[in-house]
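Novice: Sequence:
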Amino acid sequence: DSLDEFAASGQDILGGRACTITPLRVATRRLEQLYDEALAPLNLKATQLALIAGIHRLTGADQQGPALQDLAALLAIQLSALTHALRPLVRDGIVELRQDAQDRRTKHSVLTSLGKTRLSEGIVHWAAVNDQVEAVLGSASAANLRALADQVASDAFLVAFRGGEQPPALGTEHKEESTDPRGE
318 DSLDEFAASG QDILGGRACT ITPLRVATRR LEQLYDEALA PLNLKATQLA LIAGIHRLTG
378 ADQQGPALQD LAALLAIQLS ALTHALRPLV RDGIVELRQD AQDRRTKHSV LTSLGKTRLS
438 EGIVHWAAVN DQVEAVLGSA SAANLRALAD QVASDAFLVA FRGGEQPPAL GTEHKEESTD
498 PRGE
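Here the sequence shown stands for residues 318 to 501, numbered as in our numbering.
These are computed hints drawn from the structure, not numbers from a lab. Source: prediction; values computed, not measured. For every residue, glycine included, the Cβ atom is placed at its ideal position computed from N, Cα and C. Possibly wrong hints are sitting among the right ones.
Said to hold, decoys possible - Beta-carbon label-pair distances, calculated as ranges:
| # | residue 1 | residue 2 | range |
| --- | --- | --- | --- |
| 1 | G333 | D409 | 21 to 31 angstroms |
| 2 | A464 | K362 | 24 to 34 angstroms |
| 3 | R422 | R347 | 23 to 33 angstroms |
| 4 | A464 | V407 | 33 to 43 angstroms |
| 5 | G332 | L431 | 46 to 56 angstroms |
| 6 | D420 | R347 | 34 to 44 angstroms |
| 7 | A418 | E349 | 49 to 59 angstroms |
| 8 | D409 | T339 | 32 to 42 angstroms |
| 9 | V450 | R421 | 40 to 50 angstroms |
| 10 | A444 | Q419 | 36 to 46 angstroms |
| 11 | R422 | A457 | 20 to 30 angstroms |
Kindly generate the complete structure, drawing on both the sequences and the hints.
Specialist: Below you can see the structure in the form of structure tokens.
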């Protein structure tokens, strides 16, 4: 059967299966739009706020800032995507990239004073929209949404998916680190 014949028959191309990725992508784009609108006065996007929050979270007492590899791992993105995402933040003076003193192949991301200010301001804007999203969804639905997202983002889910094992049931798995910009 060709795809055209299948479509002409009026049958469901997915065979009655519910698609998981499409509604998640649509929901993610919708939420991202709302957070981006809230952060627009700071000339930041939600992804950029998450990035500078990640830098802040991983910065140790030495203030050296996290290695790019560590930041990419925290955000679950490829190193090339991270360096691309950092470019406008570096250009705008929010983040500096510095070579490691011992290993010149390693670069660290460091928040500038402007970056720390943008993070503080951004969290205020983020909290306002986050609270509104939670109010619209309801606390229980918002908590369930975050729990499901955390479960899918977990290493345990990936291992179970690739290994054919059943992942832990929702609420029984080990809590992963939050992606909340406040570090909560």
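Novice: For the hint 49 to 59 angstroms, verify it against the beta carbon of A418 and that of E349.
Specialist: 37 angstroms, violated
Novice: Just to be sure I understand the hint, the distance between the Cβ atoms of A464 and K362 should be within 24 to 34 angstroms; is that true here?
Specialist: 25 angstroms, holds
Novice: State, for the Cβ atoms of D409 and T339, whether the hinted interval 32 to 42 angstroms holds or is violated.
Specialist: Given a distance of about 34 angstroms, which is inside 32 to 42 angstroms, the answer is holds.
Novice: Can the suggested window of 23 to 33 angstroms be confirmed for the beta-carbon pair R422 and R347?
Specialist: 40 angstroms, violated
Novice: With respect to the beta-carbon atoms only, verify the hint that V450 and R421 lie 40 to 50 angstroms apart.
Specialist: 43 angstroms, holds
Novice: Can the suggested window of 33 to 43 angstroms be confirmed for the beta-carbon pair A464 and V407?
Specialist: 35 angstroms, holds
Novice: Using the beta carbons of G332 and L431, state whether their distance is inside 46 to 56 angstroms or not.
Specialist: Hint holds: Cβ distance 53 angstroms, inside 46 to 56 angstroms.
Novice: Given the range 34 to 44 angstroms, decide if the beta-carbon distance of D420 to R347 lies inside it.
Specialist: 42 angstroms, holds
Novice: A range of 20 to 30 angstroms was offered for this pair. Does it hold for the Cβ distance of R422 and A457?
Specialist: 48 angstroms, violated
Novice: Does the beta carbon distance between G333 and D409 stay inside 21 to 31 angstroms, or does it fall outside?
Specialist: 49 angstroms, violated
Novice: With respect to the beta-carbon atoms only, verify the hint that A444 and Q419 lie 36 to 46 angstroms apart.
Specialist: Holds: the Cβ-Cβ distance is about 38 angstroms, inside 36 to 46 angstroms.
Comparing the model with each numbered hint stated earlier shows that hints 1, 3, 7, 11 do not hold.
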